[in-house]
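Model the full assembly from the supplied sequences, consistent with the hints where possible.
Number of protein chains: 2
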Amino acid sequence: MTWVEDEAFRADQPFGPQTLPYGVVDGQIAVRVGDQALPLRPIASSFGEHAELVSADTLNPLLAAGRQAWTDVRARLIELTQAAAAPKGATLIPIDNAVLPFQVADYVDFYSSKYHAENAGRIFRPHDEPLLPNWTHLPVGYHGRAGTVVVSGTPVVRPHGQRKGPAFGPSQRLDIEAEVGFVCGGPVTSRVSTSSAADHVFGVVLVNDWSARDIQGWEYQPLGPFLGKSFATSVSAWVTPLDAFSAARVHTPPRNHPVQEYLVEDQPWGLDLLLQIDWNGTIVSRPRFADMFYSFAQQLAHMTVNGATVRPGDLFASGTVSGPDRDQLGCFLEISWGGRDKITLAGGEQRTFLEDHDTVRITATAPGPDGSVVGLAEVAGTVLPAS
Amino acid sequence: MTWVEDEAFRADQPFGPQTLPYGVVDGQIAVRVGDQALPLRPIASSFGEHAELVSADTLNPLLAAGRQAWTDVRARLIELTQAAAAPKGATLIPIDNAVLPFQVADYVDFYSSKYHAENAGRIFRPHDEPLLPNWTHLPVGYHGRAGTVVVSGTPVVRPHGQRKGPAFGPSQRLDIEAEVGFVCGGPVTSRVSTSSAADHVFGVVLVNDWSARDIQGWEYQPLGPFLGKSFATSVSAWVTPLDAFSAARVHTPPRNHPVQEYLVEDQPWGLDLLLQIDWNGTIVSRPRFADMFYSFAQQLAHMTVNGATVRPGDLFASGTVSGPDRDQLGCFLEISWGGRDKITLAGGEQRTFLEDHDTVRITATAPGPDGSVVGLAEVAGTVLPAS
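Protein chains in written order, with our numbering: chain E, 1 to 387; chain Y, 1 to 387.
I should point out that these hints are in silico values taken from the structure, not numbers from a laboratory. Mixed in with the good hints, there may be bad ones.
Any copy, or any two copies together, can satisfy a pair, since identical chains are not distinguished.
Below 25 Å or equal to it, Euclidean Cα-Cα: the simulated SDA-like pairs (lysine to any residue) are [unchecked claim]:
{"no.": "1", "residue 1": "K164", "residue 2": "Q221"}
{"no.": "2", "residue 1": "K88", "residue 2": "Q28"}
{"no.": "3", "residue 1": "K164", "residue 2": "P258"}
{"no.": "4", "residue 1": "K164", "residue 2": "N134"}
{"no.": "5", "residue 1": "K164", "residue 2": "E118"}
{"no.": "6", "residue 1": "K164", "residue 2": "P126"}
{"no.": "7", "residue 1": "K164", "residue 2": "D128"}
{"no.": "8", "residue 1": "K164", "residue 2": "P254"}
{"no.": "9", "residue 1": "K164", "residue 2": "R122"}
{"no.": "10", "residue 1": "K164", "residue 2": "E355"}
{"no.": "11", "residue 1": "K164", "residue 2": "F124"}
As structure tokens, then:
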């Protein structure tokens, strides 16, 4: 029996003892235990040489400390949270005040769902081949705006912008993109191999890459999305350690041709995550992350193969997670097929894109060790009217 | 007579008393006076309430302090450097050890030379209209990698990457892009108007947006340049204050149609800078910044019109500065017309793109007050072989 009294701190719950994600609450690092948070500063002395890392006010020092420190701290946390008696000074506090737990250095967004890339191609470029020739050879990606990455729960104001015409005004096609994000750490380095990628990835979050499709559609040629994305990108308040996904590792789907050597994996780094997209209380999609064509290890190898460095605090996202079926699509652009088809929510509301005051919550779970379930903390946001 | 003994600290020289750019040398903020540096920490008490800002080890606190502090500090510096006697504790030191003077928050790269955009369109997409329909309506731009912005003088290792084929290896078409960069500061804010843009721009640098054209050409559809750019972006070691350009302000070129209201300027923010590109000792181009279609004020207004915030340390670059003539082009892709035409350097060397050990130096000057000349510090870099 653990001293942690929380009904959700159980192996069959997403934030049980097998998960232990990190966040920042009330100015200090905390670990989520069920539906409560265990602040680490009061029990920092339990972490020996890592006492200072866990006493910081953001995760960045821990991110910088690297793989061995991550392993040590997690091992100690497992002991501490499964002990019969609480460590001296330990208290459990509400998780409600969790803030963005790390300072984002560079933010990169990939595009690694074949289903999504094909669908987006069909919708945005109906007269061309949906998948461009490079897509099956490299994980297409681009840099996003680090300064507007916000924590789950932050309201998202409908952006203004130019759309085709041109016309200017509040976006009329505000969308989500359900993605999985990877939080980087360890020494600043470049040319990370797929086999060492896990040494540079501390943990995993959910990402909602809010997208204004009308702004994006008008601006994105030839240099890519810019203002259609940069107004806000939401991430989970809790970073689930990569180590929690040992039982969720799968191979990426089969390919029609080999990839370049730097993208070959000697171990599987696909992750068997099942996402769930809740729109005003209706589950509209359940995308499977195992369908992604490129793993995070391949993405990180690609991102650094040109000599670009990866730094603690770098965040890269998978790209919209979409599957082959309509109830597995990761954005409303696809579900509504470019706005053509209405989506009916519980209570009869009809939607194509987001309306003001709509709320979207994305959650995800993966198989954990011994039949347990490992969770990614939700990324939620409510749309506020253009101001 | 000033106490500053430096032959280059004269009104007819780019780093005379009319310029006073800021850098960081030996771990402290310094101001460039001619070809020497005046560290500010030893004379911080001369800056009154701003003593702490000028004593920092990067420019970021000064950037955050905002327009009034920038004006105050510069006014005081003008007094101090024109006084007959040195302030107590003042010493002049070499400029050689200048490091990247600020921590880059987000880095955005625009594409605001019409000549460059048309030329790049003709070279990259020979079968389409060179200028896409959005180009004359908004300053096209995209996010780059902040973590690989390096200071002038940093060697640039030839990047590896995928090119069309696909094939993998060291880039065979390594190029430069001569640009002008704007360093942001002031309070974190969004929806900056063109008329208040100068309150959020601390100063100006030169930027070399090194570009691997073969990598870029293969990867950039549909989400824009990524690894073809992210290996390195060089900036001047010295940030020339925006205030130094009061005599260089010009209107942007005439347009065929009006722009959206948020892009209209009520004062001219074009800058009459003349750039110079030196390739292994040969001046190969002299691009005119006054030819740029969008000003930095329009770029900043655009970048934030969707609600995205601008933060101290944000850096945005103009895009390659190219003019109508071959000796006014800002990158070798254009000068060699996609590699078709050889460029002959002094001594008879022939080039299309960069070879290993080549050195490129970009400099720029603008008219200063009373017939003086205001300089942007050089951005230089030497190509090292792929490793």
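Against the structure, the hints:
Taking the closest pair of Cα atoms, K164 and Q221 come within 25 Å of each other both inside a single copy (12 Å) and across two copies (20 Å). Taking the shortest alpha-carbon separations for K88 and Q28, only the intra-copy value of 17 Å comes in at or below 25 Å, while the best inter-copy value is 44 Å. For the homomeric pair K164 and P258, the shortest alpha-carbon distance between copies (15 Å) is at most 25 Å, but the shortest distance inside one copy (39 Å) is not. Taking the closest pair of Cα atoms, K164 and N134 come within 25 Å of each other only across two copies (8 Å); inside a single copy the shortest separation is 27 Å, beyond that limit.
Taking identical chains as interchangeable, the C-alpha atoms of K164 and E118 lie at most 25 Å apart whether they share a chain (23 Å) or sit on different chains (21 Å). In the homo-oligomer, the alpha carbons of K164 and P126 lie at most 25 Å apart both inside one protomer (16 Å) and across protomers (24 Å), since each shortest distance falls under that limit. When the C-alpha separation of K164 and D128 is checked against a cutoff of 25 Å, the pair qualifies both within a copy, at 20 Å, and between copies, at 19 Å. Taking CA atoms no more than 25 Å apart as the test, K164 paired with P254 passes between copies only; the shortest distance there is 23 Å, against 39 Å inside one copy.
Taking CA atoms no more than 25 Å apart as the test, K164 paired with R122 passes in both settings, with 18 Å inside one copy and 23 Å between copies. Taking the closest pair of Cα atoms, K164 and E355 come within 25 Å of each other only inside a single copy of the chain (20 Å); across copies the shortest separation is 42 Å, beyond that limit. For the homomeric pair K164 and F124, the shortest alpha-carbon distances inside one copy (13 Å) and between copies (24 Å) are both at most 25 Å.
In terms of the numbered hints stated before, the structure departs from none.
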